[in-house]
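*Asks:* Which chain is which? The protein sequence lines are A and B, in order.
Every letter in the first sequence is one number past the one before it in our numbering, and letter 290, counting from 1, is 290.
Every letter in the second sequence is one number past the one before it in our numbering, and letter 11, counting from 1, is 11.
In case anyone wonders, no lab produced these hints; they're calculated from the structure.
You can take every hint at face value.
Here are the simulated SDA-like cross-link-like pairs (lysine to any residue), alpha carbons at most 25 Å apart as the crow flies:
(1) B:Lys27 / A:Val182
(2) B:Lys77 / B:Cys128
(3) A:Lys375 / A:Arg444
(4) A:Lys648 / A:Arg312
(5) A:Lys488 / A:Ala459
(6) B:Lys27 / A:Gln44
(7) B:Lys77 / A:Gln135
(8) B:Lys77 / A:Glu170
(9) A:Lys432 / B:Val26
(10) B:Lys27 / A:Val410
(11) A:Lys432 / B:Thr60
(12) B:Lys77 / A:Val169
(13) A:Lys59 / A:Thr75
(14) A:Lys432 / B:His55
(15) A:Lys426 / B:Thr51
(16) B:Lys27 / A:Ala431
(17) A:Lys414 / B:Pro25
(18) A:Lys432 / B:Arg28
(19) A:Lys414 / B:Val26
(20) B:Lys27 / A:Gly159
(21) B:Lys27 / A:Asp163
(22) A:Lys217 / A:Arg258
(23) B:Lys27 / A:Leu43
(24) A:Lys426 / B:Val26
Far from chain A, by Cβ distances over 12 Å, these chain B residues were calculated:
(25) Arg16
(26) Leu35
(27) Glu125
(28) Tyr142
(29) Gly162
The C-beta atom is built at its ideal place from N, Cα and C for all residues, glycine as well.
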Amino acid sequence: MPDVTFTVDGKKLTAPAGTLLIEACRKAGIEIPSFCYYPGLSLQAACRMCLVRQEKVPKLQTACTTTVAEGQIFTTESPEITQARKAMTELLLGNHPLDCPVCDAGGECELQDMTFKYGAGESLYAETKQHRNEQQWSPAVFYDRPRCILCYRCVRVCGEGMDVWALGVENRGVHSVIVPNVPGENGGGDQLDCEECGMCIDICPVGALTSGSYRYKTRPWEMNHVSTVCTHCADGCKVTLGVRQSNNGSEIVRGDNRDKSGMNGDFLCAKGRFGFDFVNHPERLTTPLLRNAAGELEPATWEDALRVAGARLKEVRDSRGGATIGVIGSNRTTNEENYLLQKFARTVLATNNIDHERTTDYAAFACALAGHPGKTAGLREIPSAPAILLVGGNPTDEHPFLAWQLRTNVRLNKARLYIANSRPIKLERQAKLTQELPPGGYWRLAAFLDAGQSDFSKAILAEESLIVIFGEEFRGPAVESLIAWGLKRANVRFAYLGDHANSHGAADMGLFPDLLPGYVPVTAPGPFAEYPNLPAAPGKTLPQMLDVANGGLGALLVVGANPVTRREVDLAALQNTFLIVQDLFLTETAALAHVVFPAASLYEKSGTVTNTFGDLQMVRKASDRAGAKPDFEILVRLAGAMGEEVKKLVPFGRGAMTADLGQSRGAQAGEADRHAVWLEANGLEPRLSPFDPFAVLDEIERLVPGYKLDRMNLMTGNDVRTEVAPTQPATASAIGGEDLIVPAHDTLFTSSTLGRYCSGLNEIEAHQTREHAEAAAD
Amino acid sequence: MSTETISIFSPELATRFDALVTKYPVKRSALVPMLLYAQDEIGYLSDAVITEIAHRLGLTELDVRNVASYYSMLRFKPAGRYNIQVCTNICCMLRGAYDLYERFREELNIGPHGATADGLFSLEEVECIGACSWAPAIQVNYDFHDELTPDLVPGILADYRGRAQAEGSKNHA
Numbered sequence: 001m002p003d004v005t006f007t008v009d010g011k012k013l014t015a016p017a018g019t020l021l022i023e024a025c026r027k028a029g030i031e032i033p034s035f036c037y038y039p040g041l042s043l044q045a046a047c048r049m050c051l052v053r054q055e056k057v058p059k060l061q062t063a064c065t066t067t068v069a070e071g072q073i074f075t076t077e078s079p080e081i082t083q084a085r086k087a088m089t090e091l092l093l094g095n096h097p098l099d100c101p102v103c104d105a106g107g108e109c110e111l112q113d114m115t116f117k118y119g120a121g122e123s124l125y126a127e128t129k130q131h132r133n134e135q136q137w138s139p140a141v142f143y144d145r146p147r148c149i150l151c152y153r154c155v156r157v158c159g160e161g162m163d164v165w166a167l168g169v170e171n172r173g174v175h176s177v178i179v180p181n182v183p184g185e186n187g188g189g190d191q192l193d194c195e196e197c198g199m200c201i202d203i204c205p206v207g208a209l210t211s212g213s214y215r216y217k218t219r220p221w222e223m224n225h226v227s228t229v230c231t232h233c234a235d236g237c238k239v240t241l242g243v244r245q246s247n248n249g250s251e252i253v254r255g256d257n258r259d260k261s262g263m264n265g266d267f268l269c270a271k272g273r274f275g276f277d278f279v280n281h282p283e284r285l286t287t288p289l290l291r292n293a294a295g296e297l298e299p300a301t302w303e304d305a306l307r308v309a310g311a312r313l314k315e316v317r318d319s320r321g322g323a324t325i326g327v328i329g330s331n332r333t334t335n336e337e338n339y340l341l342q343k344f345a346r347t348v349l350a351t352n353n354i355d356h357e358r359t360t361d362y363a364a365f366a367c368a369l370a371g372h373p374g375k376t377a378g379l380r381e382i383p384s385a386p387a388i389l390l391v392g393g394n395p396t397d398e399h400p401f402l403a404w405q406l407r408t409n410v411r412l413n414k415a416r417l418y419i420a421n422s423r424p425i426k427l428e429r430q431a432k433l434t435q436e437l438p439p440g441g442y443w444r445l446a447a448f449l450d451a452g453q454s455d456f457s458k459a460i461l462a463e464e465s466l467i468v469i470f471g472e473e474f475r476g477p478a479v480e481s482l483i484a485w486g487l488k489r490a491n492v493r494f495a496y497l498g499d500h501a502n503s504h505g506a507a508d509m510g511l512f513p514d515l516l517p518g519y520v521p522v523t524a525p526g527p528f529a530e531y532p533n534l535p536a537a538p539g540k541t542l543p544q545m546l547d548v549a550n551g552g553l554g555a556l557l558v559v560g561a562n563p564v565t566r567r568e569v570d571l572a573a574l575q576n577t578f579l580i581v582q583d584l585f586l587t588e589t590a591a592l593a594h595v596v597f598p599a600a601s602l603y604e605k606s607g608t609v610t611n612t613f614g615d616l617q618m619v620r621k622a623s624d625r626a627g628a629k630p631d632f633e634i635l636v637r638l639a640g641a642m643g644e645e646v647k648k649l650v651p652f653g654r655g656a657m658t659a660d661l662g663q664s665r666g667a668q669a670g671e672a673d674r675h676a677v678w679l680e681a682n683g684l685e686p687r688l689s690p691f692d693p694f695a696v697l698d699e700i701e702r703l704v705p706g707y708k709l710d711r712m713n714l715m716t717g718n719d720v721r722t723e724v725a726p727t728q729p730a731t732a733s734a735i736g737g738e739d740l741i742v743p744a745h746d747t748l749f750t751s752s753t754l755g756r757y758c759s760g761l762n763e764i765e766a767h768q769t770r771e772h773a774e775a776a777a778d
Numbered sequence: 001m002s003t004e005t006i007s008i009f010s011p012e013l014a015t016r017f018d019a020l021v022t023k024y025p026v027k028r029s030a031l032v033p034m035l036l037y038a039q040d041e042i043g044y045l046s047d048a049v050i051t052e053i054a055h056r057l058g059l060t061e062l063d064v065r066n067v068a069s070y071y072s073m074l075r076f077k078p079a080g081r082y083n084i085q086v087c088t089n090i091c092c093m094l095r096g097a098y099d100l101y102e103r104f105r106e107e108l109n110i111g112p113h114g115a116t117a118d119g120l121f122s123l124e125e126v127e128c129i130g131a132c133s134w135a136p137a138i139q140v141n142y143d144f145h146d147e148l149t150p151d152l153v154p155g156i157l158a159d160y161r162g163r164a165q166a167e168g169s170k171n172h173a
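Using the sequences and the accompanying hints, generate a full structural model.
*Replies:* In structure tokens form, the structure reads like this:
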């Protein structure tokens with residue numbers, strides 16, 4: 001659309017013709033108030049707050065539905081308009097209870113703000129307010145009917161945004177209420193059967209929709225708001241955690257997206273919004289545990305636990321050799337911790353026996369793209385891509401934010417979404433064309449497309465630019481063939497889906513027996529030749545480490561993983577193994593350990609994580625749990641307890657002067673790094689602490705190919721791209737990559753081992769199961 | 001294609017619905033007439049009615065309820081066989097509609113939106129029915145009775161009772 005010039009409050013503005021006046025004004029810094037208007041959703045024009053005067057038009061116009069054209073003249077502030085808005089506010093307040101002192105939204109309420117601004121402080125209404133009782137629609141969503149101002153934002157975000165359509169409006173006029181989709185005994189809806197994303201709660205401008213986990217807990221101004229990255233699936237949504245001081249550190253009381261700066265904008269799913277309560281779970285480990293002479297785990301001091309674990313690791317390494325020690329890393333710890341873990345394994349424990357619970361074949365993906373930079377797509381690029389081919393998986397359940405991005409793109413940009421799957425999935429409603437594949441037939445996709453026989457493949461071949469999104473259905477050679485197909489064509493980019501918050505990071509950071517960080521083979525270590533004692537031969541994979549036939553390991557270190565629940569594991573393999581576990585809870589694996597270290601969760605530490613699309617984001621420490629330590633600190637202390645020179649492991653403090661500024665705990669974690677520029681400028685040393693994860697991030701940037709980060713952008717809280725495609729063609733993929741992959745297949749309300757400890761999610765899941773059982777019985 | 005395999009409606013109405021959904025550019029445009037015809041046949045908008053209409057139009061049941069609850073002439077509870085609607089808007093009110101309404105209440109011994117025990121009559125107050133020139137007026141199902149006085153009420157009721165009996169015996173014969 002060509003640009004047009006128009007006048008608002010005497011200022012000349014320019015915007016493309018057809019832009020909504022309210023948007024054009026907001027971009028120019030002129031704020032027009034509104035309740036019902038919400039960017040990206042359909043227009044409602046219900047609240048009448050955005051009324052403006054347009055010259056030569058007899059009545060006030062709604063700015064949210066007025067499109068700009070050449071030469072128009074508008075007034076957005078005048079006594080007449082102020083009077084109109086004041087009157088609207090007064091009408092809204094006619095039935096709105098003035099329970100602001102106890103309302104969850106008090107202090108964050110748009111109606112409060114409007115009343116404050118336009119001062120409808122006194123009411124001419126003499127009628128009593130119409131009261132209706134509050135309703136609980138699900139464990140997550142409560143609806144306080146009289147507080148509702150009927151802006152319809154919740155109805156639209158649920159329908160248009162989430163494609164769930166669980167909310168509607170019943171009755172007419174003053175009797176109108178928002179209703180959920182499951183009717184109660186007397187007709188009107190009173191239960192929700194939906195994806196429980198909680199979008200309606202966040203988008204509500206007042207306190208009508210409140211969250212089961214947060215309501216009546218605290219006031220918004222009594223919390224610190226920390227925006228960090230969600231610890232559940234691999235999309236890496238930014239979540240704002242509301243944190244309050246408590247007796248044992250600090251407590252997370254709310255998850256939402258008050259900070260809309262992340263890739264996910266205003267989107268969060270049930271896990272991001274309600275799945276933070278595991279940090280306060282009563283079974284949370286807060287003290288190290290040591291197995292005593294009677295064979296039982298008992299609480300111990302950090303000093304004792306570290307001394308026992310360190311001494312035993314050293315003894316096994318020195319007497320039986322590093323090859324008898326195994327290390328299993330985590331899909332949820334930070335990049336810095338994963339990098340440190342593999343460096344600790346390879347340089348301190350002198351072993352390549354390191355692996356993690358693989359959920360997808362990232363190694364094959366990186367190797368297939370070797371030498372082809374710029375061929376991966378980030379999550380930010382999805383909502384503007386003209387055409388997308390989604391193969392396999394079910395993003396609605398496993399990658400809710402990806403599903404949101406796809407829906408948004410189809411809705412707002414008319415993108416063409418093509419879906420090839422072996423079973424029907426919900427996103428097909430947005431698809432232009434779908435193609436059913438036989439369950440085992442994914443690997444033939446490239447040939448099928450090239451054949452160009454069906455309408456589906458013809459349409460794909462006709463696309464000039466395409467993003468191909470696929471997942472664990474493609475492993476090893478299947479990944480290669482699909483990528484080879486895409487590389488033959490111009491403008492095809494890829495995204496590969498895995499599970500858990502940092503499984504991509506775990507793979508990138510070299511938690512493989514045969515691959516160093518950046519998928520550099522251990523047999524040709526390249527930049528990693530500087531590692532002291534790096535064993536030359538590839539080590540054992542996870543199943544090999546836990547295989548009885550291999551005679552068992554001397555010692556096994558498990559960080560944030562629960563491998564004994566895997567199908568193929570025989571516990572006899574661990575009989576003579578000294579097992580050390582770092583975890584949040586006493587999992588099945590931790591229960592077998594000789595030493596258990598209580599670890600901090602992703603919400604209690606600083607660092608970076610990489611989502612499955614390769615977008616790297618900074619994790620900021622939100623809360624604190626007394627007794628638990630970040631895995632980073634535990635590893636450094638373990639190396640110290642083994643008598644190692646910690647400085648070789650973590651490159652902190654260049655010269656003689658070092659100091660521990662205590663960055664690993666408290667609200668100022670990572671502070672030294674944020675002040676690095678200042679410190680450098682003043683001739684002082686950054687990275688003063690061995691527990692500063694950013695010291696390791698420096699090394700990651702220096703050594704790992706593809707992790708050349710846009711630091712400035714990262715430090716301001718933005719996501720930055722990483723792209724791990726080795727510059728020279730890789731020699732081999734990870735050993736037996738295909739068979740080692742166990743996808744999590746988490747649903748909207750499960751999150752593998754961690755999900756068990758999210759009481760809120762479990763309640764929601766029980767509610768949904770009940771609703772489905774009832775719906776099936778009807 | 002939209003023909004329901006098992007419909008709760010009569011074959012005539014089901015056929016009519018099949019045609020109705022093809023009549024508009026979008027199927028959901030047929031919603032309001034369908035609700036009205038369904039109510040005429042079934043007596044009210046039962047859960048089964050809502051389910052079938054939603055299915056026929058490809059809407060959610062929530063959508064159907066949202067629209068239906070907007071209209072005061074659509075009801076979710078059974079009414080009597082003869083639904084007596086007394087207009088109490090201004091013309092009728094000035095010419096004694098409330099006396100008329102009270103007389104119906106006394107004769108039938110039911111309150112607003114109530115139905116008699118035999119299910120024969122129900123009573124409600126309605127907005128203007130467009131018979132102002134002959135106020136006060138009432139509407140019994142689709143029949144109008146105008147220029148009424150309370151004294152005429154027993155006669156009207158007796159008339160409908162007789163009609164019900166005649167139809168009942170005809171059905172038995």
